[in-house]
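In order, the protein sequence lines correspond to chains H and G.
When the letters of the first sequence are read in order and numbered with this note's numbering, they come out as residues 1 to 245.
When the letters of the second sequence are read in order and numbered with this note's numbering, they come out as residues 246 to 490.
Source of the hints: derived by calculation from the structure; they are not laboratory data.
Virtual Cβ for every residue (Gly too), placed ideally from N, Cα, C.
Do not take every clue at face value.
No more than 20 Å apart at the CA atoms, straight line, and that leaves these computed lysine-lysine pairs for PhoX-like [what the hints assert, rightly or not]:
id : chain 1 : residue 1 : chain 2 : residue 2
1  : G       : 399       : G       : 371
2  : G       : 399       : H       : 126
3  : H       : 3         : H       : 126
4  : H       : 90        : G       : 371
5  : H       : 90        : G       : 379
6  : G       : 407       : G       : 440
7  : G       : 407       : H       : 126
8  : G       : 248       : G       : 319
A short list of chain G residues far from chain H (calculated; beta carbon distances all over 10 Å) [unchecked claim]:
id : residue
9  : 254
10 : 256
11 : 281
12 : 301
13 : 325
14 : 327
15 : 366
16 : 368
17 : 389
18 : 395
19 : 418
20 : 422
21 : 436
22 : 437
23 : 460
24 : 484
Number of protein chains: 2
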Amino acid sequence: MRKIKLIIAYDGTDFHGWQIQPEVRTVAGEIKSAIEKILRHEIHLTAASRTDAGVHALGQTADFQTDNSIEAGKLLLALNGVLPDDVAVKSVEEVSEDFHSTHQSKGKHYRYVIRLSGIDDPLSRKYHWWYHHKLDVEKIIDATKFLTGTVDFKGLEINSGKSDVETVREISEIKITNDADDLIIDIFGKSFMYKLVRSMIGLLIAAGNGKIQLEEIPEILSGKNEHRRTDVAPPHGLTLVEVFY
Amino acid sequence: MRKIKLIIAYDGTDFHGWQIQPEVRTVAGEIKSAIEKILRHEIHLTAASRTDAGVHALGQTADFQTDNSIEAGKLLLALNGVLPDDVAVKSVEEVSEDFHSTHQSKGKHYRYVIRLSGIDDPLSRKYHWWYHHKLDVEKIIDATKFLTGTVDFKGLEINSGKSDVETVREISEIKITNDADDLIIDIFGKSFMYKLVRSMIGLLIAAGNGKIQLEEIPEILSGKNEHRRTDVAPPHGLTLVEVFY
């Protein structure tokens with residue numbers, strides 16, 4: 001059996017997220033059916049990240065197995081010919097049979113874009129969170145220190161239906177860039193629990209707008225101060241930029 | 246009577262262009278009805294440019310008259326509250342009564358973006374023309390010389406239903422930027438006839454892909470070589486960036 005690795009980009013606006021669900025349009029559903037149409041056999045598609053509804057990707061990674069001997073370059077062209085406009089396969093590569101998109105991921109890069117201008121821009125509105133209130137960027141940068149390194153995010157856990165979720169995660173870097181009208185937050189980490197990136201952004205914004213104080217963050221993270229828990233940032237500002245192997 | 250000047254941004258994707266037409270969604274239609282809803286009287290809306298269906302704007306300029314004494318800042322907020330997500334008013338300003346968006350424009354800046362990568366990007370596909378064939382950028386730069394200055398564009402005239410259209414136009418600058426995957430073409434000119442910017446882009450691309458030779462350009466422009474006439478570039482790569490007064 002051949003193992004095929006795909007790198008995928010999509011505009012999450014019109015998808016109910018990555019994961020296949022009955023009767024709704026999902027990214028995995030579109031890709032699986034495109035592959036099956038071309039290869040004429042059923043496949044099982046595994047991905048690095050189950051991005052939520054509305055979340056975008058420039059470098060989602062997925063894999064599947066096939067006995068078909070189609071050349072990688074031909075499959076790439078065929079897939080982009082069949083797929084709808086809001087999803088594109090950027091690369092197709094044959095990898096060793098033990099490759100696994102989820103388990104072998106060494107890390108992920110997520111980017112969250114916050115538009116700070118007084119008026120939203122109709123041309124990029126689907127790819128940023130328009131946040132037209134005052135933010136103290138220095139406070140946000142200070143708050144990132146609490147979220148970097150080996151951190152127990154127990155207080156940010158959201159019930160995903162799974163039990164015994166590991167809440168201790170490795171966040172290697174959070175980079176804040178203040179670029180004209182945009183605040184760009186790049187988060188690099190080994191792995192993330194359900195909605196963790198958007199929960200981290202929500203917490204950073206709460207630090208920046210004064211809703212919470214920096215010294216409250218450890219209590220919020222530990223879950224000891226549930227009534228100070230912050231909001232989850234909206235999905236459309238988030239993009240999965242790259243998965244590292 | 247007060248004269249009010251608006252600067253407007255829009256995502257042209259879901260509009261049948263600027264100009265009001267019966268039974269279709271147009272930018273002017275949305276703005277006129279938003280203003281009339283707020284000011285409770287009929288208005289006449291004049292704009293600098295009648296952008297085509299699918300063309301975007303960051304700095305379209307329009308004006309209208311009113312007797313209402315509403316403050317500019319309040320009208321700005323009210324308009325953005327009423328307008329749909331794909332159009333935004335960026336500024337509202339009271340100007341002198343003899344201001345006219347069309348006649349007093351000293352020039353316009355249009356930007357056309359061509360995506361040159363082998364695979365299109367689902368996140369920006371609505372704002373560029375994905376042109377994945379080989380282009381000789383040097384040839385395009387050479388071709389811009391024929392389109393700059395005082396130029397008779399008779400050969401690029403498209404029947405707009407108007408007669409006696411002035412085909413001699415002043416193009417002050419065409420700037421080509423090759424930015425990673427994108428070829429960005431910035432065109433600055435006093436005024437443009439119907440679909441002229443997209444016709445100019447079509448001609449530049451034909452020079453870049455070898456469909457026409459540089460020495461053919463004068464004949465094409467003069468209309469003496471109609472069978473070498475080039476295509477009009479698609480609308481979604483075009484944005485009206487700014488109107489100068």
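Straight-line alpha-carbon gap residue 90 (chain H) to residue 379 (chain G), limit 20 Å: The hint holds at about 19 Å.
Straight-line alpha-carbon gap residue 399 (chain G) to residue 126 (chain H), limit 20 Å: This hinted pair is violated, its Cα atoms lying about 40 Å apart.
Hinted pair residue 407 (chain G) and residue 126 (chain H), Cα distance within 20 Å: violated, 38 Å
Exclusion check [residue 281 (chain G) not at the chain H interface, CB over 10 Å]: holds, 21 Å
Exclusion check [residue 366 (chain G) not at the chain H interface, CB over 10 Å]: Non-interface label on residue 366 (chain G) violated, nearest chain H Cβ at 6 Å vs cutoff 10 Å.
Non-interface claim for residue 422 (chain G) versus chain H (Cβ beyond 10 Å): holds, 18 Å
Verdict on residue 256 (chain G) as a residue remote from chain H, using beta-carbon distances over 10 Å: Nearest chain H Cβ is 4 Å from residue 256 (chain G), so the label is violated.
Closest CB of chain H to the CB of residue 418 (chain G) still more than 10 Å away: holds, 23 Å
Residue 325 (chain G) remote from chain H - nearest C-beta pair above 10 Å: violated, 6 Å
Residue 407 (chain G) paired with residue 440 (chain G) [C-alpha distance capped at 20 Å]: holds, 13 Å
Residue 90 (chain H) paired with residue 371 (chain G) [C-alpha distance capped at 20 Å]: holds, 18 Å
Closest CB of chain H to the CB of residue 301 (chain G) still more than 10 Å away: violated, 6 Å
Violation of the numbered hints given earlier is confined to hints 1, 2, 3, 7, 9, 10, 12, 13, 15, 16 and 24; the remaining hints are satisfied by the structure.
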